[in-house]
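**Student:** Letter by letter, the chains look like this.
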Amino acid sequence: MPKQINVALIGNPNTGKTSVFNALTGLNQKVGNYPGITVEKKEGVCKLPRGVKAHIIDLPGTYSLNASSLDENVVIELLLNKNDKDFPDVAVVVSDVENLKRNLLLFTQIKDLEIPTILVINMSDRMRYKGISLDIEYLEEKLQTKIALISTRKNEGISKLKELIIDYRELTTAPCLNASEIDRNYFDSLKSTFPNQLLYKLWLVITQDVNFGKTDRNEIDALNNFKTKSKPDLKRLQQKETIKRYQFINTILKKGQTIDLKSAKDLRIRFDRILTHKFWGYLIFFVILLTIFQAIYDWAEVPMDFIDSAFASLSEWTKNKLPEGPFTSLLAEGIIPGLGGIVIFIPQIAFLFLFIAVLEESGYMSRVVFLMDRIMRRFGLSGKSVVPLISGTACAIPAIMATRNIESWKERLITILVTPFTTCSARLPVYLIIISLVIPQGRLLGLSYQALTLMLLYLIGFGAAILSAWILNKVLKIKSKTFFVVEMPNYKLPLLKNVALTVIEKTKSFVFGAGKIILAISIVLWFLASYGPGDEFNNAEEIVTTAYASENLSDEELQQKIASHKLEHSFIGITGQAIEPAIRPLGYDWKIGIAIVSSFAAREVFVGTLATIYSVGSDEEETIKNRMAGEINPILGTPLFNFASGISLLLFYAFAMQCMSTLAIVKRETNSWKWPTLQLFIMSGFAYVVALIAYQLLK
Amino acid sequence: MQITLAEIKRGQQGIITDVSSAHVPLKLLEMGCLPGNVVELVQVAPFADPMYLNINGTHLAIRKETAIHILIDITNA
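Going down the list, the protein sequences come from chains A and B.
So for the first sequence, the working numbering puts the first residue at 1; every next one is plus one.
So for the second sequence, the working numbering puts the first residue at 700; every next one is plus one.
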């Protein structure tokens, strides 16, 4: 017996496949990417009895092996490539007891690949509500498999599943139906041409447009000599195949499954009557959004204040305890404030991910898709664009990946192009700190002005997205077939474990992803701010002392003057002053300019950059916010962050395209540099103009 | 009475008689939208589009433009 068994979890969307994955692996899981593509790869380790370990891959949800998206493609590519290191020893097909008929379609396809297969029937706790009873023995015999009836909600049946995985060698690899009966002649000739190949595998490769692993492609490249069928013919044959499979499934379920409709209770209809209602449906959706934003603002305040002051003290402590020198000052003035600038937003980002996870898990998101489709279509989008636009409030990168289930290429492209307008969590740090500096305290109808401003910024983001979608819809000349199918799953109470794992996983990858960039940038910035060329920097002490000799300054004031003189003539000061003319009309000084430039890598760098620049110039233990509040505009002599410059900055960040990772993802998803380049210049140009107008009107 | 799926009213039930393979994606077939299966309209969005259907126990929503390529026989008038 091998020490490690490779297990692949396969199943339709909404079958609770991820719950099964979580139940098997717990916290022993990691999320990565498949090489070369951006499909999320979830894998984990499960300890089985008798000292055996299982390596488990949670494959993307799919309705069948006929792939229609990049995510689904991953499933087929793995299952067809025996040489892949992750090729499963055993496939676990997860199904939902309420949708067994549909879920079994995929199961029969997997069986045709002659991989040992276990069938998991999940959500067994709902059988009683639905009046369903199953003849497991009969089903096992007819489907040529072993069945684990489990409930991840009640934590039942998991150990049975583990036993089945250990004993996977006892499973038969015989298919459960003969699908080639749909066109005997064709399949016979196929078989005689390629005697060494699995028939169903050949069929899949013939009918899919997608590229498979190189090894497989080479093996069947000879197909060019084979008499092929026309596309419409193949499609008709695929339809016949599907009908054939359903016939088989129907026959089996007629005997193996009984549904007593009298004892079936369906809450779905009652819920949907309100939640998808022409009026109430929209009102409820709006109230949910409003609640989320208020919650993000209010609930996260306490932990954020705590983190802010903790980092300030840590920086001070480092400065006092470690011996003086470049390393200490790099740590205390570069790295710690830089990291503090990102860690502080963990509470808010976690809350945002929490709400999105709950909306998705509960099944409510599909209702939003249904409600919004008609409206979104008017702007060249799809109802499914709502999901990217909402999850774009967390991060544009997963949001852009979430566009993959939009069937029409034009609708999908427009969604990809406008999603970066939605207010992502990286903008949040910038918004929050500026709002707290320039928007007065006070309440309107119980909502604080500051929360309302934030809400308004989110609306501006959505507005910009929708409006530019409308323009793109008029401008882009793309003909593509539109079609739209969305499953409306049953409502479910979200599983705490699933939600918690999603929040932890997403927050972690956000913090580490952004953390790396911020760490690098803050080190570079610290260096540029701490060193400078020429006399003005190196002899700063002398120059300043002489200049203010007559003014009788206290020691402290003099030190301040020296520090700011040094900063002004450091490398960063020189660069900043060079770009100052371009940003002065927007109400910014050169320090903000540096922060804007460095935040083209990632928006959240803005706060960290300012924190680094300001702390190089001061000795005091101060929070970032207090430092910013104390900055004076050198020309006007008024606070630098005032209402006009603050609004101008907020608007600039609302529209500008400042995120290299998003540009990279757009390039990958659209397979062209044209779209990300257009995004960068149009969005940032527009941002500049709007910020300029705002400042000039308000100042 | 044979009509297209786009014309079904709330509360009506029908049996799918024909699905145009040229216009209807395979994915929809695989979700159970096949000749012989029972279909029922659960809810319509404003402007009667998209349509929220129950096909053979699977609940899904499709647009009207797809529904016109599916023929059904109404079983309860």
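Hints in this document: simulated from the structure, not taken from any laboratory.
Even glycine gets a Cβ: it sits at the ideal position worked out from N, Cα and C.
Fair warning: there could be bad hints in the mix.
Stated by the list, open to error - Distance ranges between label pairs, derived from CB positions:
#1 A:660 <-> B:710: 52 to 60 Å
#2 A:184 <-> B:702: 34 to 42 Å
#3 B:710 <-> A:31: 43 to 51 Å
#4 B:735 <-> A:459: 43 to 51 Å
Stated by the list, open to error - Covered stretches of chain A, going by a simulated chain B footprint (3 or more residues, C-beta under 8 Å):
#5 93–104
#6 373–387
#7 487–493
#8 503–513
Claimed, not checked - To give an idea of the interface, some chain B residues facing chain A are shown, with a C-beta separation under 10 Å as derived from the structure:
#9 722
#10 732
#11 736
#12 740
#13 744
#14 751
#15 757
#16 761
**Student:** Broken hints, numbered, in rising order?
**Tutor:** 8, 12
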